[in-house]
Amino acid sequence: MSYYDLDAILTGAEKIPCTFQLDVPELGYLDNNPGYTLKSGTKVLLPLWLAEMLAIADMGDHQNPDKSFIAFDLPPAVGKDVMAALKADPRSVPIRNQSPNFYNLAKHMMDLAEERELHAVVRKTFLTRAADISLHARKSGGAVSKGEGSNLGIGAAGEEFLRGLDEWERILFRKAHDGARSTKQWIEGIKKRY
Amino acid sequence: MPMYGDAGLKLVQHAKRTQNLTHLPPYQTELVRSVAKEVRDLHKDATNLLEPFLKVQGSFDPSTDPATACTLLVNHLSMRRNKRCLLAYHRTRTDKLEDLVWSGHDVLDLSAQQTGGESGSSSLSPQEEDYVRQYGDLLAAFKGHWTDIDLTGSLEPPKDLFIDVRVLKDAGEIQTEYGAINLTKNSQFFVRQGDVERLIAQGYLQKLG
Amino acid sequence: MAHPLPPGLTPAEVAFLAEMEMVTIVPRQRIESIDLLGGKTPTLRPPHRAQVPLWLALLLKKQNRANIVPPPWLHPASLQSIIQREKVEDPVAFSPPPPPPSRIKIGGTAERINDASDGVSPPFLPSCTADAPSGFLPYHWQEVAEALLAHAGDDMPASAGEVRGLLRDLAEIRAAKLRSSSSAFEGFGDAGVSLTGVGAMELADNRAFLLGVIDGVRTLGAGAEATRREQEEEERAERGDEFNDSDEEMGI
Amino acid sequence: MDIDDILREVDPTFHSIPQEQRDLQDLTRAYVAERCAPELLHYPPGNLIDRVHENIKRQIEMVEEMTGNMNPKTNFALIVIQNELERYRFILRSYLRERIRKIHKHTLHYLSTDELRSRLSEIEVRYATARQSRLHEHYMSSFLAEFPPQLQNLNDTAGNLNMIDSPDLDSAVFVRLLRDTLVESRGVDDDGLIEGKEGQIFILRWADAKPLVERSSAELI
Chain R
1 MSYYDLDAIL TGAEKIPCTF QLDVPELGYL DNNPGYTLKS GTKVLLPLWL AEMLAIADMG
61 DHQNPDKSFI AFDLPPAVGK DVMAALKADP RSVPIRNQSP NFYNLAKHMM DLAEERELHA
121 VVRKTFLTRA ADISLHARKS GGAVSKGEGS NLGIGAAGEE FLRGLDEWER ILFRKAHDGA
181 RSTKQWIEGI KKRY
Chain V
1 MPMYGDAGLK LVQHAKRTQN LTHLPPYQTE LVRSVAKEVR DLHKDATNLL EPFLKVQGSF
61 DPSTDPATAC TLLVNHLSMR RNKRCLLAYH RTRTDKLEDL VWSGHDVLDL SAQQTGGESG
121 SSSLSPQEED YVRQYGDLLA AFKGHWTDID LTGSLEPPKD LFIDVRVLKD AGEIQTEYGA
181 INLTKNSQFF VRQGDVERLI AQGYLQKLG
Chain D
1 MAHPLPPGLT PAEVAFLAEM EMVTIVPRQR IESIDLLGGK TPTLRPPHRA QVPLWLALLL
61 KKQNRANIVP PPWLHPASLQ SIIQREKVED PVAFSPPPPP PSRIKIGGTA ERINDASDGV
121 SPPFLPSCTA DAPSGFLPYH WQEVAEALLA HAGDDMPASA GEVRGLLRDL AEIRAAKLRS
181 SSSAFEGFGD AGVSLTGVGA MELADNRAFL LGVIDGVRTL GAGAEATRRE QEEEERAERG
241 DEFNDSDEEM GI
Chain C
1 MDIDDILREV DPTFHSIPQE QRDLQDLTRA YVAERCAPEL LHYPPGNLID RVHENIKRQI
61 EMVEEMTGNM NPKTNFALIV IQNELERYRF ILRSYLRERI RKIHKHTLHY LSTDELRSRL
121 SEIEVRYATA RQSRLHEHYM SSFLAEFPPQ LQNLNDTAGN LNMIDSPDLD SAVFVRLLRD
181 TLVESRGVDD DGLIEGKEGQ IFILRWADAK PLVERSSAEL I
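Residue numbers (our numbering), protein chains in the order written: chain R, 1 to 194; chain V, 1 to 209; chain D, 1 to 252; chain C, 1 to 221.
Everything labelled a hint here was simulated from the structure, so no lab data went into it. Quantities reported herein were computed from a predicted structural model and do not represent experimental measurements. Every residue gets a Cβ at the ideal spot worked out from N, C-alpha and C, and that includes glycine. Incorrect hints may appear among the rest.
[What the hints assert, rightly or not] Once the Cα atoms are required to be at most 25 Å apart in a straight line, the calculated DSS-like pairs of lysine-lysine come out as: (1) V:Lys159 x C:Lys105; (2) C:Lys105 x V:Lys10; (3) R:Lys184 x D:Lys40; (4) C:Lys197 x D:Lys87; (5) D:Lys62 x V:Lys207; (6) D:Lys87 x V:Lys185; (7) R:Lys184 x V:Lys207; (8) R:Lys15 x R:Lys43; (9) R:Lys80 x R:Lys124; (10) V:Lys159 x D:Lys87; (11) V:Lys96 x C:Lys105; (12) R:Lys15 x V:Lys16; (13) V:Lys143 x C:Lys57; (14) V:Lys143 x V:Lys96; (15) D:Lys40 x C:Lys105; (16) R:Lys191 x V:Lys159.
[Claimed, not checked] Cβ pair distances, simulated, as ranges: (17) V:Arg166 x C:Ile194: 30 to 40 Å; (18) R:Lys67 x D:Ala176: 52 to 62 Å; (19) D:Ala130 x C:Ser216: 25 to 35 Å.
[To be verified] A short list of chain D residues far from chain R (calculated; beta carbon distances all over 10 Å): (20) His3; (21) Asn67; (22) Ile83.
Make the full structure from the sequences, and use the hints.
Now the structure itself:
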């Protein structure tokens with residue numbers, strides 16, 4: 001985890017459904033009610049950077065040592081419906097619509113809650129989509145002289161798929177694309193040398 | 001209503017866009033100010049909240065008052081979040097500024113041009129302008145230890161150090177590392193590319209092969 | 001920018017390294033030894049063969065001062081045998097790299113001590129000279145082959161078109177292997193993935209992507225991995241001394 | 001008795017390679033390793049970098065002496081020398097700048113302990129320290145000075161969030177074995193123990209590859 005990493009910070013802004021486990025007089029503003037007590041049992045959406053720590057912090061309650069300030073649910077982006085869709089066909093889900101930092105978010109949620117099922121689906125999704133990313137990147141990276149932009153030469157379905165990539169996948173795409181492109185440049189350049 | 005950390009997030013979103021730009025967009029003075037103010041307000045709140053406990057008990061024991069402990073934690077996390085956003089924003093920009101210094105740009109000049117050259121307006125904050133100057137000096141000193149290898153030179157592997165050229169029009173005598181060469185039309189030379197790049201661009205010489 | 005290129009070697013850098021491979025030349029004119037940073041060049045006297053780094057050989061060739069003797073592995077018969085091996089004999093793994101010099105000592109008896117304190121490796125092994133073994137692709141096979149084809153086409157053992165065609169076949173077979181290998185490792189969940197026989201350019205092309213996928217799987221699986229380790233640790237503790245003993249017996 | 005003499009006795013091939021050639025091999029390996037390792041590596045032993053730098057300087061002086069009024073057409077040797085010189089300059093430049101990139105990225109980390117600091121040259125330490133303090137001053141004057149004092153540090157490690165970014169030592173790398181050796185490797189689902197053979201190429205986590213590389217049983221590629 002990198003302190004200065006922008007994607008990590010942006011992931012921290014993802015909203016998590018949380019339930020407060022105690023009354024807190026000063027925190028009404030978190031539920032759009034400044035000045036009022038935030039009641040135990042109130043459901044609020046909190047950013048991950050806040051939810052994460054409130055969920056693992058020790059309340060100091062000796063009778064209930066496992067109790068934290070809040071309980072939380074999986075955010076919809078990595079919730080049951082999305083996981084079911086990914087299980088059916090990882091390629092057909094534009095995961096960027098769920099979250100631009102889909103994998104980062106999934107990782108945080110897996111660390112917070114032991115979710116074996118989540119891990120299996122997310123990993124399979126990542127690998128299956130990576131193979132597709134490589135194919136598309138190779139096609140577009142090989143076409144070195146055509147330039148970039150919409151002229152990727154991978155067809156409408158391909159571009160649709162690429163639009164749905166999350167940040168990790170965009171980086172992967174760029175890596176595969178640049179690899180193919182610089183190899184192509186080497187081949188083209190060698191004829192001009194010596 | 002706006003949450004603590006929302007303004008900080010805006011800064012980071014700015015930074016994220018900045019990463020993919022070739023130029024440096026204007027410094028977000030107002031946003032930076034409001035995030036810093038948020039931190040001061042949060043700190044004031046925390047101090048006020050703690051005061052009665054410190055007065056009476058000398059310290060605060062979270063287990064006796066979980067609600068206050070929770071408020072203080074939220075407060076503390078919000079300050080830390082804002083600090084992280086501010087640092088990441090500034091760091092992204094100094095990274096970019098350093099890159100420009102490495103590639104030999106006159107950053108201060110460049111930034112004035114981008115804003116249309118109006119006097120007094122720059123996409124850099126005054127502090128950033130200071131930093132660019134200081135970093136420029138620092139890099140110059142570092143480079144000075146490695147003058148023989150031209151530390152800021154190209155990181156693409158060397159190729160075509162010497163090239164064959166044909167003279168397209170008489171250009172008279174030029175000075176090269178090897179001394180003078182007389183360029184008469186249609187003669188051919190094998191020369192250091194760096195010596196003749198300008199003459200090629202001006203159409204006096206043609207690169208062969 | 002402190003360094004504008006991505007970490008890891010790029011294709012251009014790999015090609016640069018390949019130019020340090022020694023190749024055999026036949027000089028066409030006498031050239032005295034030159035005192036270089038990397039040592040003196042041999043005195044060139046036609047028609048005596050000499051070995052020089054590829055970058056120098058290409059410079060000599062370009063100026064018509066020498067011809068280059070192509071390495072035996074670049075002959076069509078050699079390339080065909082490698083294709084046969086890659087396609088039929090082992091359709092999964094890459095064909096093996098040339099045997100390391102420690103295993104091909106003269107007479108096969110002079111066993112080099114197993115000490116790599118100056119363990120020489122590509123591009124400094126003599127794997128592209130006229131004495132290199134045929135039937136094995138050296139680490140820099142693609143870069144050396146392309147450079148020779150482009151600039152010493154008339155020195156090739158067969159028509160440039162024929163050699164080029166064989167190289168293209170080989171590259172395609174191997175590219176498919178590299179692609180399928182990455183999915184065959186069950187998503188890099190297991191340790192120690194082997195890519196023995198892979199070429200430098202093949203690596204450079206796929207490096208960032210492959211490592212990106214592996215690092216992604218590792219990051220996503222970090223929690224599961226930690227849990228697995230804890231369980232294994234517990235099991236080990238339960239088995240107690242018995243396990244430790246067998247560990248020692250393995251002589252590690 | 002010198003260690004080289006001992007080695008020469010047990011292994012006649014040792015030092016059959018002249019010094020200049022070995023320097024080139026070591027420099028090349030250092031450059032490749034630095035480009036491929038996820039963290040900053042130690043300077044190569046035996047003052048290699050200084051020696052190469054000195055040799056480059058001397059060669060440049062020689063080129064300057066040799067030039068003058070010579071016709072490049074007739075002076076092939078000079079062309080060869082300059083071509084080689086350019087190659088050396090490139091390797092050293094690329095090596096040093098890869099190091100700078102890593103130092104930039106994780107400055108506080110490399111300055112944080114004596115062991116880490118010892119990986120930097122004197123010049124690098126001076127540069128990194130000066131840059132870090134300029135940077136801190138920049139943050140201070142931009143916003144940090146308005147913060148409560150306990151929030152002004154750049155090296156807090158409290159509460160699940162370490163401000164000192166450090167390289168990911170578990171990043172994957174490619175290595176080639178330089179001799180037969182046991183290869184221990186960790187994976188997500190399974191760990192491995194392989195009897196590796198000279199010349200084999202593996203993908204490993206850097207933390208697993210590092211001990212092999214440090215005792216010259218493997219090299220980064």
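Hint compliance check: list the failing hint numbers for this structure, sorted ascending. Going through the list in order, the structure violates hints 1, 3, 6, 10, 15 and 17 and respects the others.
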